[in-house]
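Using the sequences plus the hints, can you model the full thing?
Chains as they are written, first to last, in the numbering used here: chain P, 148 to 507; chain X, 683 to 752.
Simulated from the structure, these hints should not be mistaken for lab results.
Be careful, since some hints might not be right.
Cut-off 27 Å, straight-line C-alpha distance, at most; resulting in silico cross-link-like pairs (DSS-like, lysine-lysine) [stated by the list, open to error]:
id, chain 1, residue 1, chain 2, residue 2
1, X, Lys-707, X, Lys-738
2, X, Lys-747, P, Lys-225
3, P, Lys-369, X, Lys-738
4, X, Lys-738, P, Lys-225
5, X, Lys-707, X, Lys-731
6, X, Lys-731, X, Lys-747
7, X, Lys-752, P, Lys-225
8, P, Lys-369, X, Lys-747
9, X, Lys-731, X, Lys-752
10, X, Lys-707, X, Lys-747
11, X, Lys-752, X, Lys-707
12, X, Lys-752, X, Lys-738
13, X, Lys-707, P, Lys-225
14, X, Lys-752, P, Lys-369
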Amino acid sequence: MRDRVFIIIAGAVVGLLAVILVLQGNPANMGFCIACFIRDISGALGLHRAGVVQYLRPEIIGLVLGSFVTALYVREFKATGGSSPVLRFFLGMLMMAGALIFLGCPLRMVLRLAGGDWNAMVALPGYVLGVWFGTLFLRRGYTLGRSQEQAPVNGYAGPFMAIVLLILLVTAPAFIFFSEEGPGSMSAPLFLTLGAGLLVGILAQRTRLCTMGAIRDLILFKDYHLFLGFVAIFVVAMIGNLFTGQFAPGFAEQPVAHIDHLWNFSGMTVVGLAAVLAGGCPMRQLILTGEGQSDALITVLGMAGGAAFMHNFGLAGSPAGVSPAGQWIVIISLVVLFIIGAANTRLLAAGKNKEKAKAS
Amino acid sequence: MTELVDCRGLSCPEPVMLARQALEKAADQPVTVFVSNAVARDNVTRAAKAMGRQVKVEDEGEDFKLFISK
Numbered sequence: 148m149r150d151r152v153f154i155i156i157a158g159a160v161v162g163l164l165a166v167i168l169v170l171q172g173n174p175a176n177m178g179f180c181i182a183c184f185i186r187d188i189s190g191a192l193g194l195h196r197a198g199v200v201q202y203l204r205p206e207i208i209g210l211v212l213g214s215f216v217t218a219l220y221v222r223e224f225k226a227t228g229g230s231s232p233v234l235r236f237f238l239g240m241l242m243m244a245g246a247l248i249f250l251g252c253p254l255r256m257v258l259r260l261a262g263g264d265w266n267a268m269v270a271l272p273g274y275v276l277g278v279w280f281g282t283l284f285l286r287r288g289y290t291l292g293r294s295q296e297q298a299p300v301n302g303y304a305g306p307f308m309a310i311v312l313l314i315l316l317v318t319a320p321a322f323i324f325f326s327e328e329g330p331g332s333m334s335a336p337l338f339l340t341l342g343a344g345l346l347v348g349i350l351a352q353r354t355r356l357c358t359m360g361a362i363r364d365l366i367l368f369k370d371y372h373l374f375l376g377f378v379a380i381f382v383v384a385m386i387g388n389l390f391t392g393q394f395a396p397g398f399a400e401q402p403v404a405h406i407d408h409l410w411n412f413s414g415m416t417v418v419g420l421a422a423v424l425a426g427g428c429p430m431r432q433l434i435l436t437g438e439g440q441s442d443a444l445i446t447v448l449g450m451a452g453g454a455a456f457m458h459n460f461g462l463a464g465s466p467a468g469v470s471p472a473g474q475w476i477v478i479i480s481l482v483v484l485f486i487i488g489a490a491n492t493r494l495l496a497a498g499k500n501k502e503k504a505k506a507s
Numbered sequence: 683m684t685e686l687v688d689c690r691g692l693s694c695p696e697p698v699m700l701a702r703q704a705l706e707k708a709a710d711q712p713v714t715v716f717v718s719n720a721v722a723r724d725n726v727t728r729a730a731k732a733m734g735r736q737v738k739v740e741d742e743g744e745d746f747k748l749f750i751s752k
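Pasting the structure below:
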């Protein structure tokens, strides 16, 4: 029961902070968007040159460091890794590809919905479909294999990178790109964005909040624990938007969004399936990175690489819609995801007996 | 003889799926599950309790040993 209350509070805090961040300067319906923010960081580092989406987003830094400090404090920090790192990099890329077609990670999808952007209502069933595809693989024994314990330095790599990014943000050297217009130029003040990231990092580490796990556990186990957090984000953000006059229902003219229904739907199918196969939504990957999981860090790096790929080749969606090349990326992503899913599916139970013998 | 399920190095939902499988197969017999992270420990515990079992958690070095019984 206490857990239930805690995850609802965590979701509510995420929803509330998202509304506040937008009021204080973040792009509309983008209080939090893990995919967008990692994409902005990619741009700030010059990995892509889309001038309107370049910024070292403090929310990302805060999420990793908040989780890191909490994990250390509760003794859950543990450097592990080595579970199919290359495939995880690709899964990160594909997760980002799908998100940049729709223009948002699952968290932003919920926030867009809470802001009255009905395009997110088209994307949500697509996302659920993707997660459902993923559970089909899980039921057939999909696994990326066991992770191993690693030297602690592997686990510190993620938090270290977050600190380096923070230093670059504060010192703003000339080689870092900061957007002068567009979404990349819009941000709430540093203490708010960093503070919000830290707070959500702490809460998400403790509650294991995950926008993919929410749907997955519901489908797999009829377990609605994480789903409560998911719903709390939506409800509180919607109430917050209504109270602050940020609720603007409709399909057209929504901020950082387009109305290509088919690609909104299927883009999020890519994200849902990739997230199940990678074991967590974009936000969850940041939290796990803070806990010392280098498998999650490699997924985050894959996302950063994916963002560069999508923007350098003009594949990302934009308010004008999704280009034909971007549409092909969705189809190719789905094919690759099904291959990764099928190739790593084996009957876990069959391999289990050998493991059992070892354990006893 | 207790059924042993080794979920070390696996991340959720795999430990939960394996534990549930084992619990269903073991009927009333106790099952011991090894996990290597706190998330799996909590999730397997929650799943076992939802199935009406009792769970006793022991630290096993860096890992956790979950003794699940009726």
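Verification of the hints:
Between Lys-707/X and Lys-738/X, the direct Cα distance comes to roughly 20 Å. Compliance with the 27 Å bound is thereby established for this hinted pair. Straight-line distance between C-alpha atoms of Lys-747/X and Lys-225/P comes to about 17 Å, which keeps the hinted pair within the 27 Å bound. Proposed proximity of Lys-369/P and Lys-738/X is supported: the alpha carbons are some 24 Å apart, at most 27 Å. For the suggested pair Lys-738/X and Lys-225/P, the alpha carbons sit about 22 Å apart, so the restraint of at most 27 Å is met.
Proposed proximity of Lys-707/X and Lys-731/X is supported: the alpha carbons are some 16 Å apart, at most 27 Å. This hinted pair checks out: Lys-731/X and Lys-747/X have alpha carbons roughly 16 Å apart, not beyond 27 Å. For the proposed pair Lys-752/X and Lys-225/P, the alpha carbon gap of about 32 Å is over 27 Å, so the pair is violated. Among the hinted pairs, Lys-369/P with Lys-747/X is consistent with the structure: their alpha-carbon atoms are about 25 Å apart, no more than 27 Å.
For the proposed pair Lys-731/X and Lys-752/X, the alpha carbon gap of about 10 Å is at most 27 Å, so the pair holds. At most 27 Å may separate the alpha-carbon atoms for a hinted pair to count; Lys-707/X and Lys-747/X meet this at roughly 19 Å. For the hint pairing Lys-752/X with Lys-707/X, the CA-to-CA distance comes to about 13 Å; that is within 27 Å, so the pair holds. With a C-alpha separation of about 11 Å, the suggested pair Lys-752/X and Lys-738/X falls inside the 27 Å cut-off, and the hint holds.
For the hint pairing Lys-707/X with Lys-225/P, the CA-to-CA distance comes to about 32 Å; that exceeds 27 Å, so the pair is violated. Between Lys-752/X and Lys-369/P the CA atoms are separated by roughly 22 Å; this keeps the pair inside 27 Å, and the hint holds.
When held up to the earlier numbered hints, the structure conflicts with 7 and 13 and fits the remainder.
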